[in-house]
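Peer 1: Take a look at the letters that make up each chain.
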Amino acid sequence: MKDVKVLVLTGYGLNCDLETAYAFENAGATAYRVHINRLVANEISLDDFQIIAFVGGFSWGDDHGAGVVHAVRFRTHVGEALLRFIDRGNLVIGICNGFQTLVNLGLLPGIGGDYTTRSVALTYNDCGNFRDDWVTLRLNKTSPCVFTRGMDIAEMPIRHGEGKFYAAEQTLQALVQNHQIVAQYADREGNPAEGRFPLNPNGSILDIAGICDETGRVFGLMPHPEAYNHYSNHPDWIREKDLRKRTGENMDHGPTPGIRMFQNAVSYMHTK
Amino acid sequence: MAIHTTRKKGLSPDQVKIMPYRLEITLKPELLDAEGEGLRKKASAYFGIHLDQVRTIHILTIDAALTPEQLQKIQSEAFTNPVTQVSSYDPLPLTFDWTIWVGFRPGVRDNPGATAIEAIEDVLGLKFGAGEAVYTSKRYCVTGDALRAQDMDQIAGELLANDIIQQWRIYSRSEWNDHDGIGFILPKVKLDHQPTVTTIPVDSDETLAAISDERNLALNPNDIPTIRTYFSDASVRSVRQQVGLSDPTDVELEYISQARSDHCNHNTFRGLFHYQDLATGETADEDSLFKTYIEAPTLFLKEKKDWVVSVLWDNAGVGRFDDDHYYVITGETHNSPSNMEAYGGAITGIVGVYRDPLGTGKGSRLIMGSYGYCVGHRDYDGPLRPRLHPRRLLDGVIEGVRDGGNKSGIPTPFGQVTFHPGYMGKCLVFVTALGLMPTRVGGAPAEEKKTTAGELLVMCGGRVGKDGIHGVTASSEVFSAHTPAGHVQIGDPYTQKKMHDFLLTARDEDMIRFITDNGGGGLSSSVGESARFSGGCEVMLDKVPLKYEGLDQWEIWVSESQERMTVAIHPRDLDRFMALSRLHAVESTVIGRYTDTGKLHITYNNTPCAYVDLDFLESGFPKWEFEAEWQPPEMRGLTEPVLTPPTDYGTLMLDLLGRPNVCAKEWIVRQYDHEVQGGSVIKPLVGVDRDLPSDAAVVRPVLASSKGLAFSQALLPAYSAIDAYHMTACTIDEAVRRLLSVGGDLDHIGGVDNFCWPSIQFHPEKNPDGKFKAAQLVRSCRALKDICLAYEIPLLSGKDSMYVDGHLTGRYGEAHKISALETLQFSATSVIQNIDDCITMDAKAPGDLIYVLGVTRNELGASEYYEHFGYVGTRVPKVHPEESRRLYKAFADALQLGLVASAHGIYRGGLGIHLAMVAMGGNMGMEIDLSTVPADEAVPGHVCLFSETPGRLIVTIAPENRTAFETVVTGNAFGQIGTVTQSGGDIIIRGAAGKEPLVSLSIATLKSAWKAPLGDLI
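Quick mapping for you: the protein sequence lines, in order, are chains P and E.
Residue numbering for the first sequence follows my numbering, starting at 138 and increasing by one per position.
Residue numbering for the second sequence follows my numbering, starting at 1385 and increasing by one per position.
Isolated chain P, as found in the complex:
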């Protein structure tokens, strides 16, 4: 089986690069943490990779809108190479700040294959503050998204101040029709949050937490799958451990929903 190489971006205030690289490696890929400027300077080429991860963090301190300056720099210096990268059938994931960057690049939602027009936005949370909390996601089985194949519900942490998904009505309709809405905030049983705080932590329209392009190969989401890389990340794991011990069961140490997203990506590139 060929090696799947993942480029994990770093630099300019990005964080989450270490755990994103760890999660991809855990999922069977080989991950490389690469400073944005190495791509800008053409020291490293996207041609050598099959997956690129725009990771979470505070690129450029989130000034002027989260992901805005990151997108400006990327579009200016790496934009065309990135379009070719997608065109070759590769995968792109944007997590939190990375999702914000993808929508500012116009890579998402990519309706009709237009990867340069900004038509959706992630803006300030309605609650008015940065928020760290775990959310439950309903995953759309009809979506073409490669990363969420075979998954229907997942819990993950959100950690952001600008995660409210917003778009004009027409765009929203297109997203619904194309099954591009991949992840929506829900209650713990998986019922739609319907805007209720804190289930929907930011006021996102249609409870949208993540979307993909029409091919399902470009995916962005506000929650952090890489921060659920181990069973002990889950807020209830100690209760779970205790209760299972009483019934003589072992903890489920299989891949977490976070790792499964990365495994889906790796196995897609394997079989491609």
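I should point out that these hints are in silico values taken from the structure, not numbers from a laboratory.
Here a beta-carbon is modelled for each residue, glycine too, at the ideal position from N, C-alpha and C.
In the DSS-like style, the derived pairs of lysine-lysine whose C-alpha atoms are separated by at most 25 Å in a straight line are:
1. P:382 to E:2273
2. E:1522 to E:1457
3. E:1931 to E:1572
4. E:2183 to E:1675
5. E:2091 to P:382
6. E:1401 to E:1572
Quick partial rundown of chain P residues pointing at chain E, CB under 8 Å, derived from the structure:
7. 174
8. 367
9. 380
Example chain E residues on the side facing chain P (calculated, C-beta under 8 Å, incomplete):
10. 1461
11. 1462
12. 2057
13. 2060
14. 2342
With chain P fixed as given, assemble chain E onto it according to the hints.
Peer 2: Just chain E, lined up with the frame of chain P:
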């Protein structure tokens, strides 16, 4: 990487002039303006000012030579989101009754202004030249009926801006000019000053003392003869003459002043205390509290504990995490700046303490931070007028640490808040940082570092301005619209994160020979200390990159401009180091080299500024001396209150749960990213509803490993009202119990002491109780040693902040000195071999047995219960370390055997409050029989429920583990006091079996009382 040198294609420089342009950006009207909405709510909640609507406009004032096409391009490509925003170079026509504009003062760090320049340069493919800049500001469009100018001024001055760092303007609708808007306000620093080195005569002690006062050097009068003797010495003068110097320069005296300051030299902790116990007549001369009570026990324990790697010399202490990694920890305070400008002080504090692990050994990656805030009451409405109301101050420090931590990509999984009126004079902002380093770098021990003659002295990170320089300039310069407001800073986590990533890469490539941070004292301190290893250095101050021209040489030398590290590199690594620095977009500059001449030699454009023997600071300075007089509480007139048990325990419980130091503070916790880096194991909030504060935090800093790092802190200043010895003992004990409760290892506990004390220097008028406060410090240090030895806690790091006093104006214009309680924050770490052993505090299952471990004593002195009634009392809680250590060992064994379902320490508020916490955590009821609580005497119900005796834990276990558990803890005080009942049930507490309940409350009622005061805040 690409460097853009093309400028204004097709235009020669003289065709486009530098001009100011003002871009206004706002959200489209259909979008909720969360910032405006937040302001509207605060104006109503804090001041009763009712606003109908607030819309926020972000303003970029671009002072640059740009063409109309370029302006249009940056507007659409960088600064306006077409989906959510509209923007214009003319004032946006939003409706308002009033508009409030808020911008920075000159010289204040404008982080978004700096990133705007990066964005413009990227979009346009050019570089900003000298004199070009971007300034950010905001305009709030306010609508509402019958709003007055004074309402707007209150909102501007007390919610939006702080006049130390910001300026504001208020416009009514009729005053507003639709065309000009706010005009062009350019907070540019213009100094028009020729840098000058001043020579200072040392003909007499009086002259030097006068100059020290005049220049705000704060030289200690006792130090002056030593300084004068040195500079008058014939051989010193003859050597100085050879380099062109005679009398000392201002650069030299500033250097000495910084190095001798209490902040850098810890004169208090190294001083001589004449201690006297007025009750017993005991007298003792305590020579160096540091050596006796911190250094000696830590060195003793270092010999016993092979996990202790490096203590007592570097920026932070180092302990072993596993075979390949060390963890690093230190704690700091940033009290005075936060008291002046809460946001700026706090963000500078947290970002600053993060540089300590980065500058420990050859450099550590930051893995965790924590906070501790001590402030006046949020709802204070008395006559005293602090600079910032406690509510506003707390909002500001919360936000400062939030931005500093979150934007650094470092989790903040633990923190505490303590409210007490004593912090009205000066607040406390504790910030703690943990890092991780490999055990070896380039084949050598990573915790070791030194400088060697011939190595280059490099400054990395931010530039130098008039930041954090003591008041000299502020008082001696005429204030103008272009005077930099430098004495309060705003930390820049973005610049520092870039530097952090760069320096760790340089470390991994083995290019770092020495690294330390620039904090207090700036270059003066970092260069001075690093040069002691090689035995000398030469510094060229003219090489230091400046934010703006016009700084005197001494200002460059002592400026505390943030986000800078001082690094020693070998000349052969220079090119590689600089290339890596450029890749990471970090500025690095060679500003000198290390020597072995024994001299600190400073020049500016080849003119000498300083030539001092490095060992001068280590010799001949007299110790600070203090009179310390202890009076036991009874001699101070404290008595135990005469109080009968209450009849309405239920209401009492609910009222105690709503007290400021007990009630829920989820709104703070959730603003902090506590799971970045992906290693969260025990979060700050636990339980079924994820809303109860955990005893401690646990992270997995090495993701591939199942080892955990546990961390906790404690603050119990209230007990200092009786005796700081017991305050200290109880604080350490609490931190230890917190660690053990999540599964910490009793054999590996590292400590960090952070002292915050009111002034202890006696003065008959200005500090009449100084001798008592000095005695409290001696007693506190004695307890520190006693408990650390008993629990075997080496002190990995520690700091002291000694002047926690303030003068507040009252109703009649009179000023009151307000001193804080003697406060110690104690932090503790432990390594957990396998995180699968970790447990949390929440009750797990109905039917589980509830135990109390440890003896309950009649110790209500300074308790939350007494405080509720306004009492202090005398029976302060006391630690029994041998008894407790034995118990902790048994408890830890039970935990390791998997017999424990939940564990929670009994802390502030006592058993009653903490049973409620365990019940609320599990959302389960409890049946409790107080007669089974182990006590050393028959205690009445209110003592049993609210005494704060340390050394106790609440433990729940599955019923089938009863025999095994009791076997393990036998020989210690324990009692099965009840059982966990059904989910959503009631907590029922009886004085004895079969008696009527003292307390019978539903979990929902308890939770609603606990969340009532602050639960609505987000």
